[in-house]
Structure formats: C-alpha cells, structure tokens
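Protein chains in written order, with numbering that gives the first Met the number 0: chain A, 0 to 204; chain B, 0 to 227.
Simulated from the structure, these hints should not be mistaken for lab results.
All values derive from a computational prediction rather than experimental measurement.
Just so you know, even glycine gets a beta-carbon here, dropped at the ideal spot from N, CA and C.
Incorrect hints may have been included.
[Said to hold, decoys possible] One side of the interface only, derived from the structure: several residues of chain B facing chain A at Cβ under 10 Å:
1. Ala13
2. His88
3. Leu95
Chain by chain, the residues run as shown.
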Amino acid sequence: MEPATCLRFEGIKRRFGRLRVLTGVSGTVGPGEVLLVHGANGSGKSTLVRILAGLLAQERGTVEYRLDGRALAIDERRRAVGYVAPDLALYEELTAVENLEFFCRLRGVDAGRAPELLDRLGLPHDRLAGALSSGMRQRLRWGWALLDRPRLLLLDEPFQNLDQPGVEQGTAILDEHLAAGGFAVVANPGPLEVPRVASRIDLGG
Amino acid sequence: MSRRASTWAAEAAAVFVKDWRCEYRTRYALNTLGLFAFTTLVVVSVVLGPIGNSLQMATAVLPVILWLIVLFAVTAGLPRIFVAEEETHTATALRLAATPSALFCGKAAYGFTIVTLLEALITPLFLAMLQLSIARPGLLVTALAAGGFGMAVGSTLIAAMVAQARTRSALFAVLLLPVLVPALLFAVQLTRAAIAGEPPGVELRMLLLYDGTLSVAGLMLFPSIWTP
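The shape of chain A in the complex, shown without the other chains (with noise of 0.2 Å):
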C-alpha cells in the first residue's frame, strides 16, 4: 500500500553536455526517516537535490512527493520543500531578520517566525546578510528552510562552514524535526553522524 507522506523518486538520469552526472537513481524516504546520499565531488549529489526540489529536471526517471495522501504537482513540491545547500543564497543587501520576513511574506507565513528562528540559531537580527560569516550564513540557510515547518527537508552538505556547536545545534534540529515526522534527505561528500538514517545512496565518484 502505498504510504500516504513520503518521497520517492525512481530512475533519475541527468548529464550536462555529454557528461553523464546520474545514471538512474532511485530511494524512498519516509515520516521520521533520513535518506543519506554519499559520493565525492562531481558525483551528482547537488544534481540529485535540486532535482528533488524541483530546481532542475531530470531527462529521465520520476520523482514525486506524496504529502497526506495527495500527490504534488511540481509547482507546489518546490513551495513545500526546506532546502539548504551551497547554492542558495539570501540578499546581502538585507538584514537577517528582513530576509527571513521577505520569505515569510512569500511563503504565506506570519512574519513573527523570523526573529524566533533567529534567536534559535543565535544569530543577530539587524545585521545585513552580507556582513555576516560564512558560518553565520549557514545558519541563516537552515533558518530559511524551517521558516514554514516544511514535512521534508533537502539538505546538501547542511553542516558546511559550521563550528561544532553549530553542527550540534543542526543536528539536534534535524532530530527533532525527524521525532515531529518530519523527514529528510542528507548530501553530504565524506562521512555525517545524522540521527535515523534508514537508507543510503552512494553516487560514488
């Protein structure tokens, strides 16, 4: 029977050019469950995330996003996604606290959720994106991707740039996220210690 929340996506094929990147990829991953994705650089990991957002097509392969029982189109999958990843950047010219609010706007969420998720993160709200630290902008990512308490979240190396508590605190979000039935799926090059990892993907490389 077929599960009423989960992701799964089948045959995915992607190449740039003549550069075959993916070669029919396929997982599942459901409530609670993380989905690890392995590989080294080149290896498509990045590809296969923003295929799963929506942010690119793939030439081959399905990919769908059964939330409560319903299918999403993939207009609505790209609106219902948290999404960290190296390419996904906020404006510079912003404060943190005015970028999150821009995007609670956008995504129809009350515009009280960005200086709590900043005070959670620990991250001041008045200074401008641009100003802040690699690491600091990390976290702004991840405060992007929580803002509408998304079910799935696509994270592509989601601990990058950041110091240990960062990371701790990361992965004690990704935890409770997971025990709220959420899921995920984890790209990351070298080894990750994530909570309830329940299936890997390696891409190799």
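Fit chain B to the known structure of chain A by using the hints.
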C-alpha cells in the same frame, strides 16, 4: 477579495518592497539609469541648442530623442532586475518561495516605478534645456506613463529570459529592442501630438492595447521561463 488573491497580492507587494529596499541601499539602477540619461541629455542639448523654438524641429526630432534616451537608459539599467538574482544566487530561494506570476508582477511594478522616476527626472530638464513648450501637457504625461509601462513590462520579461544566459547583456539588447519597437513608435507619435497640440488619435489606444497584451503575455509566459 479571496484569500488566494490576497496572498498573491501580498507576495507581489513583498517583492516590490524588497527590490526597492535593496535599491535604496545600493542605488545601482537609479545611478546607472540617471547618469546615462543625464549625460546623454547634456550632450544632446549642447549639440542641438534651443531647437524647441522651432515647432517643425520640435515635433520632428525631439520626441524621438527623448524616447531614445529613455530606451537606452532602460537597456542599461533594467536587466539587473533578474540578472542580479542569478548572479548572487538569490534566484534559488525565490524559485522555492514565490508564486511566479506574483514575482513577475512585483518585479514589473518595481521596473515601472524606476522608469517613472527616470522620466520625472529627465523630462523637465529636457524641456528646459531644449526650450521646448508642450501644448498638451496631460497628453505628454499619458504618453510617458503608458510608454514607460510598456518598457518596464517588456524589460522585465526579457530580463527573466536572458538572466541565465552567459552573454546576457548583448542578448538583452538584441531581444528587447524588437519587443519595444511598437511601444516606442506609439509613444513618439503621442509625444509629437502633445507638443503640437493635436488630439491623441489611434496611437493612444494602440499603446494601451500593446501594454495590456504585453502584461498578459508576461503573466502567461513568465512561469515557464522562470522555472525549470
């Protein structure tokens, strides 16, 4: 207004406010457009002198010059509407958060206010430096508003199309100019009528029709341009 419509309007308004907030802090578009337009205006007025005194010259030459200044200033400054989002990688967050049509509407509104500000800055200077008097000022304002709207919407759509290309600057001009030719022709004719004190004729209706068509086409095409 339904909840869906109010959410859509709130999204468009948020994009508009965000763009102006960023512009206020960098002043990139205003400086680029303003400096380009002002420099061209000074050169034109020094070379041509007070040719507005002659009605024949005023109606034949000056409307074309005014609109060419606006056109080239727009070409220099408005591609940033989307190019900056791609270059700074903020486009990813926008793609994941914004309704495409609301994003287009917010960006086009921002572009329109930029063009309107530019026109408000250079038109009085243009009239003063070339000693040009306008027989029907209301018609001139209408021509500037309707022509500026068409330019802003056209520029927004083309900027979204070229933002992901490598040769975006050249591509922007190549694609934009043919799209804006009708708006330019109608706007020049209307400006000419405003100077000569003639009624607007069919050009005003054609320009408004062009603006409406371009807006609908933009709203329909933008989602497929913006998303993969």
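Supplied contact hint for Ala13 (chain B), tested at 10 Å Cβ to chain A: holds, 4 Å
Status of the Leu95 (chain B) interface restraint (C-beta, 10 Å, chain A): This hint holds: Leu95 (chain B) lies near chain A, its Cβ roughly 5 Å from the closest one there, short of 10 Å.
Grab the minimum C-beta distance from His88 (chain B) to chain A and call the hint holds if it beats 10 Å, violated otherwise. With Cβ-Cβ at 4 Å, under 10 Å, it holds.
Going down the numbered hints, you'll see the structure goes against none, and every one checks out.
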